[in-house]
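**Q** Sequence:
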Amino acid sequence: MAVSFEEVLSFWIDDVGPDGWYKSDPELDETIRSRFMDTWLDAAAGKLDHWAFCPRGMLAFLIVTDQFPRNMFRDDPRAFFTDAIALEAASRAIARDFDQEVNEPERQFFLLPFMHSESLTMQERGVRLFMMRMSPENQNLLHARAHRKVIRDFGRFPYRNSALGRSSTSSELAYLDAGGYRHTLTALAS
125 MAVSFEEVLS FWIDDVGPDG WYKSDPELDE TIRSRFMDTW LDAAAGKLDH
175 WAFCPRGMLA FLIVTDQFPR NMFRDDPRAF FTDAIALEAA SRAIARDFDQ
225 EVNEPERQFF LLPFMHSESL TMQERGVRLF MMRMSPENQN LLHARAHRKV
275 IRDFGRFPYR NSALGRSSTS SELAYLDAGG YRHTLTALAS
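Residue numbering for the sequence shown follows our numbering, starting at 125 and increasing by one per position.
No lab work stands behind these hints: they were computed from the structure. Virtual Cβ for every residue (Gly too), placed ideally from N, Cα, C. Possibly wrong hints are sitting among the right ones.
Computed cross-link-like contacts, EDC-like style, restricted to lysine to aspartate or glutamate with a CA-CA straight-line distance of at most 16 Å [claimed, not checked]: (1) Lys-147 / Asp-199; (2) Lys-273 / Glu-242; (3) Lys-273 / Glu-248.
So the derived label-pair ranges between C-beta atoms look like this [what the hints assert, rightly or not]: (4) Leu-297 / Asp-221: 21 to 29 Å; (5) Asp-139 / Arg-290: 28 to 36 Å; (6) Arg-220 / Ser-259: 33 to 41 Å; (7) Asp-149 / Ser-243: 27 to 35 Å; (8) Ala-313 / Gly-170: 25 to 33 Å; (9) Met-256 / Asp-162: 33 to 41 Å; (10) Asp-162 / Glu-261: 35 to 43 Å; (11) Leu-152 / Arg-306: 17 to 25 Å; (12) Thr-155 / Met-256: 31 to 39 Å.
Full structure from sequences and hints, please.
**A** Laid out in C-alpha cells, this is it:
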C-alpha cells in the first residue's frame, strides 16, 4: 500500500521528533525499514517526484531520500544511494523558497543534503544556507562547518570509506583513530 507524504511527516516529525532524529537506534532503524522501504524504493525510481511540488511534500521527499536511508542502511553503501536525488531536490526547493514555508526545526531537512555531499562547493553552499535560513541558535551550523572542514581536509568523508569499499589513506586512518568526526566537531566548538 502506498504511503502518503503526510504519513512520512507524521511519523518523522510527530512520532520520532527532534530527540530521535540523530540517534543510532536499531529499533527505529528497523521500524523505518519495515514501514518505508518501499517508499524509499519508489522515490529512488522517480515514482514520488510528484511530492516535490509543494513545501510539505518536498520535505517528506527529502526525509525519505536523505534521512531514511541513513537509518535503514547503516554501514552499507545504500545509505548514500539517493543522496544525489536529495541534493537535486533540495536545490530546487531552496530556489522556490519551500524551506521558508516550513518551521524550524523541520526546515533543516531542506539543508542537510548539502551537508551530506562530498562536494566542497555544496558544503560551502550548505554552510551559507544554514547561516541565512536557520536561526542562530540552531546547532546544525556547527555541524555544517564540521562537515565542510572534513571535505576541505580530505575531499571526502573518511568514515564512509568502509561502507563504500574505498581504501583509506594513512592520513584518513590517523584522523579516524583520533576520533574522526567527533574530533572535528570538538575542535570547531572550542
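**Q** Does the hinted range 31 to 39 Å hold for Thr-155 and Met-256 at CB?
**A** Holds, since Thr-155 and Met-256 (Cβ atoms, about 34 Å apart) stay within the stated range.
**Q** With respect to the beta-carbon atoms only, verify the hint that Asp-162 and Glu-261 lie 35 to 43 Å apart.
**A** holds, 37 Å
**Q** Just to be sure I understand the hint, the distance between the Cβ atoms of Ala-313 and Gly-170 should be within 25 to 33 Å; is that true here?
**A** The hint (25 to 33 Å, Cβ to Cβ) is violated, given that Ala-313 and Gly-170 are roughly 40 Å apart.
**Q** Within a Cα-Cα threshold of 16 Å, do Lys-273 and Glu-242 meet the stated pairing?
**A** holds, 11 Å
**Q** Is the gap between the beta carbons of Asp-149 and Ser-243 within 27 to 35 Å?
**A** holds, 29 Å
**Q** Can you let me know if the beta-carbon spacing of Met-256 and Asp-162 is within 33 to 41 Å?
**A** holds, 36 Å
**Q** If you check the beta carbons of Leu-152 and Arg-306, does the distance land in 17 to 25 Å?
**A** Holds, since Leu-152 and Arg-306 (Cβ atoms, about 21 Å apart) stay within the stated range.
**Q** Please work out if Lys-147 and Asp-199 have their alpha carbons no farther apart than 16 Å.
**A** holds, 15 Å
**Q** Given a hinted range of 28 to 36 Å, is it respected by the beta-carbon distance of Asp-139 and Arg-290?
**A** Hint holds: Cβ distance 35 Å, inside 28 to 36 Å.
**Q** Go ahead and decide if the range 33 to 41 Å is satisfied by the Cβ distance of Arg-220 to Ser-259.
**A** violated, 21 Å
**Q** For a C-alpha distance cap of 16 Å, please report whether Lys-273 and Glu-248 respect it.
**A** holds, 10 Å
**Q** Range first: 21 to 29 Å. Now tell me if the beta carbons of Leu-297 and Asp-221 are that far apart.
**A** violated, 43 Å
Of the numbered hints stated above, those contradicted by the structure are hints 4, 6, 8, listed in ascending order.
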